[in-house]
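**Q** Chains as they are written, first to last, in the numbering used here: chain A, 1 to 88; chain B, 1 to 578.
If you are wondering where the hints come from, they were derived from the structure by calculation, not from laboratory data.
There is no bait here: all hints are sound.
If you anchor each label on the Cβ, the simulated ranges turn out as follows: (1) A:R87 x B:K525: 20 to 26 Å; (2) A:N65 x B:N478: 23 to 29 Å; (3) A:K23 x B:S570: 31 to 37 Å; (4) A:K66 x B:R554: 30 to 36 Å; (5) B:E498 x A:K27: 23 to 29 Å; (6) B:D544 x A:E56: 19 to 25 Å; (7) A:K80 x B:N478: 20 to 26 Å.
Here are the computed lysine to aspartate or glutamate pairs in the EDC-like style, where the Cα-Cα straight-line distance is at most 16 Å: (8) A:K30 x B:D513; (9) A:K27 x B:D513; (10) A:K71 x B:E498; (11) A:K71 x B:E501; (12) B:K525 x B:D514; (13) A:K30 x B:E516; (14) A:K85 x A:E56; (15) B:K502 x B:D471; (16) A:K84 x B:D513; (17) A:K23 x B:E516.
All C-beta atoms, glycine included, are put in the ideal place defined by N, C-alpha and C.
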Amino acid sequence: MALSTTVSQRKLIKRKAPRGFLKRVFKQRKPHLRLETSSDLLVHLNCLLFVHRLAEESRTNACENKCGIIKKDHVLAAAKVILKKSRG
Amino acid sequence: MADSYSLDCEPTTRTLLRRVLDTADPLTPRRPRSARTSAQRALLETPSSKKLRSQTKMTARRRSHKARSIDRLAHIQADGHLEEQTPRTLLKNILLTAPESSIVLPESVVKPVPAPQVVQTSRRESSRGSLELQLPEVEPSTTLAPGLLAPGRRKQRLRLSVFQQGMDQGLPLSQEPYGNADASSITSSLNLTFATPLQPQSVKRPGLARRPPTRRAVDVGTFLQDIQDTSLALAPPGDSLRTPVTTLPTDTVLEDTQPFSQPLLGRSPSVQHSLPCPSHSGAKDVERAVGHRTWSSGPRLQNSGPGKPAQLMAGKVEEVGALALGFPNTSSNISGEDGVEPLQNGVGEEAEGRMKEGLSMRGVEEATGAQGSARAEEPEEHTEVTEAEGSQGAIEAKEPEGSSGDEDTPGRTASPELASSTPEFLRARRLQFPEPAPPPSTAVLTSEPPETLSARLPPRTRIPGPRPRQDPYKTGLNHYAKLFSFYAKMPMEKKSLEMVEKCLDKYFQHLCDDLEVFAAHAGRKTVRPEDLELLMRRQGLVTDQVSLHVLVERHLPLEYRQLLIPCAFSGNSVFPAQ
Chain A
1 MALSTTVSQR
11 KLIKRKAPRG
21 FLKRVFKQRK
31 PHLRLETSSD
41 LLVHLNCLLF
51 VHRLAEESRT
61 NACENKCGII
71 KKDHVLAAAK
81 VILKKSRG
Chain B
1 MADSYSLDCE
11 PTTRTLLRRV
21 LDTADPLTPR
31 RPRSARTSAQ
41 RALLETPSSK
51 KLRSQTKMTA
61 RRRSHKARSI
71 DRLAHIQADG
81 HLEEQTPRTL
91 LKNILLTAPE
101 SSIVLPESVV
111 KPVPAPQVVQ
121 TSRRESSRGS
131 LELQLPEVEP
141 STTLAPGLLA
151 PGRRKQRLRL
161 SVFQQGMDQG
171 LPLSQEPYGN
181 ADASSITSSL
191 NLTFATPLQP
201 QSVKRPGLAR
211 RPPTRRAVDV
221 GTFLQDIQDT
231 SLALAPPGDS
241 LRTPVTTLPT
251 DTVLEDTQPF
261 SQPLLGRSPS
271 VQHSLPCPSH
281 SGAKDVERAV
291 GHRTWSSGPR
301 LQNSGPGKPA
311 QLMAGKVEEV
321 GALALGFPNT
331 SSNISGEDGV
341 EPLQNGVGEE
351 AEGRMKEGLS
361 MRGVEEATGA
371 QGSARAEEPE
381 EHTEVTEAEG
391 SQGAIEAKEP
401 EGSSGDEDTP
411 GRTASPELAS
421 STPEFLRARR
431 LQFPEPAPPP
441 STAVLTSEPP
451 ETLSARLPPR
461 TRIPGPRPRQ
471 DPYKTGLNHY
481 AKLFSFYAKM
491 PMEKKSLEMV
501 EKCLDKYFQH
511 LCDDLEVFAA
521 HAGRKTVRPE
531 DLELLMRRQG
541 LVTDQVSLHV
551 LVERHLPLEY
561 RQLLIPCAFS
571 GNSVFPAQ
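From just these sequences and the hints, can you work out the full model?
**A** Structure (C-alpha cells):
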C-alpha cells in the first residue's frame, strides 16, 4: 500500500482534495485560463507536498530552538525558505 | 410485653432487650440447663441478630419474640438467681459488649432514653426525607438530652446533617449532638427510622415543634411545573436555535443533575427573591424573569440557598434563560459596536414576546435588582449592577437595561461558571459600544488577497452574516492548515496556523502565476498535467529518481491515483486514456 494510506492518523484528516476550492481559486486569479480535470489533482498534490515541506521545516526550526510547540516565528522562517524553494 | 409494643411500633433490638431486662422479674430459671439452653439460644440468636441488625424489622420481631420467650422461661423456671448463664445476665453482657451501638448506661437511665432518642432521630431523619414513618407530634426526648451527657463517647456519632438541622433550628448545640448522637447511633444500628408514639415527657426543646413547613412539597410542585414549562419552552424554539445555542441548554440540563453545584447555588437566592415578587404571574413569566434576573444577579447573590428544589428550579430557569438569551447572544456576537440597536433588532426579530415579558418583569425586578445591588457581595459585579441600574432612568431606561441584561446574558452564556470573567467581559463589551470599527472584520479584510475583492461583497457593510465573504476561501486554506498540523506532529499555536494560511495564500499566488507562464509557453490556454509536472520538476520535487507517479502513489488516495496514473485494463484499454 502507498505510504499515505499506512500513516496512522489520530485526527480525522480529510484525504479528499478540495477540487472545487482549487478550481475556484484558480479561476478567480486567472480567469482567462482553464484548469483541466487531472491537473486539479496534481495541484492538490503540489499543495500537499508544499505543506509537507513547510511542516518539516517548521518542526526542524522548533526543535532547534528546543521548543515543544511550533510557534509563529518558526513557521515564518520556514516559509521563507520553502517559498524560495518552490518558486520554480 | 404488650405494653412495650404499644409504645413502639418497631422497637429496636436494644430497646426490646432492655425492656425485657427491666420488666422481667429477676428470676432465674429453675433448671440451669434449660436456662443455659435458653441462654445459649439467646446467645446464638444475638450474634445473628447483631449481624442482621441492619436488616429489616423481622429481626426486631424475632428478637422480641425471643426476648419474650426467654422472659417466659424466666418466669416459668423461677430458680435461684445464678450469676452465670441467666438470660438476664447474658442479655446484659450482650448489651454491654455490643459494638458501638450499645449505650453504656445504668438501666434506669437506659430505659427512657432509647425510645425517645429513636423518636427524635426518627423525626429528624424523616424530616430529612429518609423514611416515611413520621409522627410529627413526637417531641419528647428533650428532657433526656442533658441526661445523656453521661455517655460521652457518643460525641463522634454526631451527624453533620443533624447538626446542621440543629443549627437551622437554632437549638443549643450542646444538647443537639448528644441527643442526636445517641439516637442516631441507635437507629444506625438498625438502619431504620421508627416513628415512636408520643412519650410522656416534657418537650424541652420547643424549637423542635417548629418543623419547617412542608416547603419541599410546594417547591417540588412548582419545580415540576417549571419543568413542564421548561420542556414546553424548549420544544418550540428548539429548531430555530442555532447550534451553539442548542448546546447551551444541554449543558445547563447536565448541570441540573448536580443540585449542589456552585453556579446553581449562586442563582438560588435570586430565584427565591424574585419568586415572591411575580408570584401572581404565571410560572413561565417567573421563569423568564427569574432567568433574566438570575443571569444578571445570580453570581452576585451568594447567600445560602434555600434547598435543593430551588436550586434545581434555578437550573431549569437557566435553561429557559439560556434559550431566551440565545437569540440576543447570537445577534450581539455578530455586531458589537452599536450594542443597543442590534441587540434590540436581534431580540425584536427573534424573541419579541420574551423581551416584552422580560421588560414587563423588569419593573418588578428593579426592586429585586435594587435589593440585589444592595446585597451584592462582589464589588466588580456590584459596579456592574449599579451601572445596569443607574441606567434605569425612565421607561426607556428599561431598554438599555434590557440590552444590558441581554449583554449580561451573553456574557453569562459565554462563561456561566466563571463569575469573575463575565463582568470583565461585559465591561469590555460596554466600553466597545461607541467604537464602531469591528477590528476582527477589518483584520479579515486585510488578510484577503486583493484579486478576490472583486468577486466578493464590499466588506464594510455590517451584514449580520459575513459568512459568504471569506469563509470558502478560509475553509480551503484551513483544510491545508490542518494538514500542516498533521504533518508537523507537534503542538502548534493558533497564530502559527494563521501564519501557515498566509503562506499558503502566497503559495497559491506563485502557483497560479507559474502555471500561467507554463501554459503560455506551451501556447495553450488550458493548464494541463504536463505543466504541473514541469512545475514540480522545477521545484525539485520530481527528480530523475523520483517520478511524478511515485509521488502520486505516495501522497494521494487510491481514487485519485487511478485517475492520474494510466493503467492498462483488460480489453486493451488504458485508463485514463492518453
